[in-house]
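Undergrad: I would like the entire structure built from these sequences, with the hints used as guidance.
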Amino acid sequence: MTAAIRLKRKARGERPTFFADPNVDTVIAMVMGLAGEVAVLRDRLDTLERLLDRTGALQRTEIEAFAPNAGVVAERAAWREAFLGEVLRIVEIEVEALADGDLERYDSAIRLVEEPAAPRKQPAATRRPAVTKKTAKKIEKKAPARAAMPAPARPVKKPARAARPAAARTAKTKPVARRPAKAAAKRRPRR
Amino acid sequence: MTKPLSVHAQAEHRALPPVTHDEFARQEFVRAFKEHLVKRVHGGNRAVYERKVKPSFERQHKRAPNTRFEVRDEMVHEPYYQMFSTLLRTSQEMMWSACQKPVERDLEALNQSIAAPARRAGGSLRLNPALEVPRYHTAVDIHCQPGGYHVEYMPGDASAGMVYDRAVHVYAMGQMGPYNNDMGASIAMWLQRHHPDFKPQRMLDLGCSVGHSTLPYAEAFPDAEIHAIDVAAPMLRYAHARAEDLGVAVHYSQQNAEHTDFADGSFDLIVSHILLHETAERAIHNIVRECHRLLRKGGLMIHAETPPYKGMDPFDAFLLDWDTRNNNEPFWTRSHEIDLKQLSQRGGFDPALEFEDLIPSAFQVAQASRSQKFQGGDFGGGGLWFIYGNQK
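Just so you know, the protein sequences line up as chains A and B, in that order.
FYI, the numbering for the first sequence is 1 to 191, going by the working numbering.
FYI, the numbering for the second sequence is 1 to 392, going by the working numbering.
Among the hints, erroneous ones may be present.
[To be verified] The calculated lysine-lysine pairs, modelled on DSBU-like cross-linking and capped at a C-alpha distance of 35 Å, are:
| id | chain 1 | residue 1 | chain 2 | residue 2 |
| --- | --- | --- | --- | --- |
| 1 | B | Lys310 | B | Lys341 |
| 2 | A | Lys8 | B | Lys310 |
| 3 | B | Lys101 | A | Lys10 |
| 4 | B | Lys39 | A | Lys10 |
| 5 | B | Lys341 | A | Lys8 |
[As the list claims (entries may be wrong)] Coverage of chain A stretches by chain B, computed from C-beta distances (three or more under 8 Å per stretch; other residues unrestricted):
| id | stretch |
| --- | --- |
| 6 | 9-23 |
| 7 | 40-49 |
| 8 | 66-74 |
Note that these hints are calculated values from the structure, not bench results.
All residues carry an ideal CB built from backbone N, CA and C; glycine is no exception.
TA: Written as structure tokens, this is what we have:
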């Protein structure tokens, strides 16, 4: 057998999305991909049972009649718990972060590493010249990309996700825009 | 409701890549997924439209939507339609993936057996590496087949054909018969009924891909010399091996249907099957003109397609148009709006001899049709094919 070749999976052409948040389309594709693999596994198991049944190694009625003993029950329970732990791990990270006091916004790490090397004796507060409205406009004209970089004093819009208590988030659910008219029109131009 | 057709219902031949247990199960899942969408989900769009969207539109505009564009502008905001669409698109992507896996497992060996078919039927294969692939075949990968009809992973590659042959069966959920040949078989049956004395001596199939629609003509017209052309070499390599293994002599050549190298008046029957919507405005006129040049006096040109939108209910047209933007079929819309009489006339045919017909599916004549509807994502579900043609 020669080496397997991976055929390309992406068809040339922009992939359409249908929901206001395109990630919903992505998640549905994942769910269906998973459903497909479950169906494949189920077929395989079915084949196995039928073969065992045919060869007399097992009668399918035995499966229905199978009563797991306490040890088997415990083993299966442990496996299920580990499995759910893997699948739902993402849910736990918020609590872990709280426990570790890991509550800084990520931006603070960016600011920290981007802080320019200061001359030794200068106090930190005077390192960066204040950007007045006038100079800011000049900078924007010259190099808009650079000007878009946040000055250290830029206000923080939202509290850190991890720092907000879970109850606050569930209580105040952001309403989903039913008709994102502009975005939809942009994606699906009218002929 | 007819019994679901398993992927097993596809007839085996030596060109078709074998599948493992799990690969087969995966293809079966996609087929079931598509069938579920057709039978259980698709129809809900109509209910949402009739009970929700249309009344709301009528309240606002004091009239019902007139065009499929007005229907679309409302429907795209409906969560049900959004979910249906994303599922249908996903099913299409999963279909290709499920059909690719058996092909990539040992492509070199598969290509070797394609290059040297075990059986010979007397057909031929003529490739033209210098042929320019038309832009309408490279802008996007048509109907989302990754790499399109043309991709080659190694010299002499036929992988696109291997993937396509299985995918057609899954796509149509088996409704095109064990050999995927229903379009050709239906036209042949129509010819035998409506033109019983017509016995073509030399015929040509345009845009034949893997030749699944080409072969049934050999059965209907055993004396005919059959030619078939396509622009894609990987499809033709596969088509040749497939026909040889199935014992049908077909002369395949790599040519663009807009301009072929056959002499004037070479054929008395020229057919195509869902080719026109995969071309372009300029090409479609060239193709009809070329058909006129290639036909003998009295010869017939017949193209099978899905029906034109003219006179269709705006909601039905909206759903049938789904593929244009969502399944990489950019010419689908326009090709369904072309005035077919004018098309014939510009190609040199007598518009008085132009014909259009909804013809029964040969495969489904024996079966009850599945949904009796032309609808996006339900290929072959109508139990009928639309044909358009002319006589020289």
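Undergrad: Which numbered hints does this structure break?
TA: 2, 5 and 8
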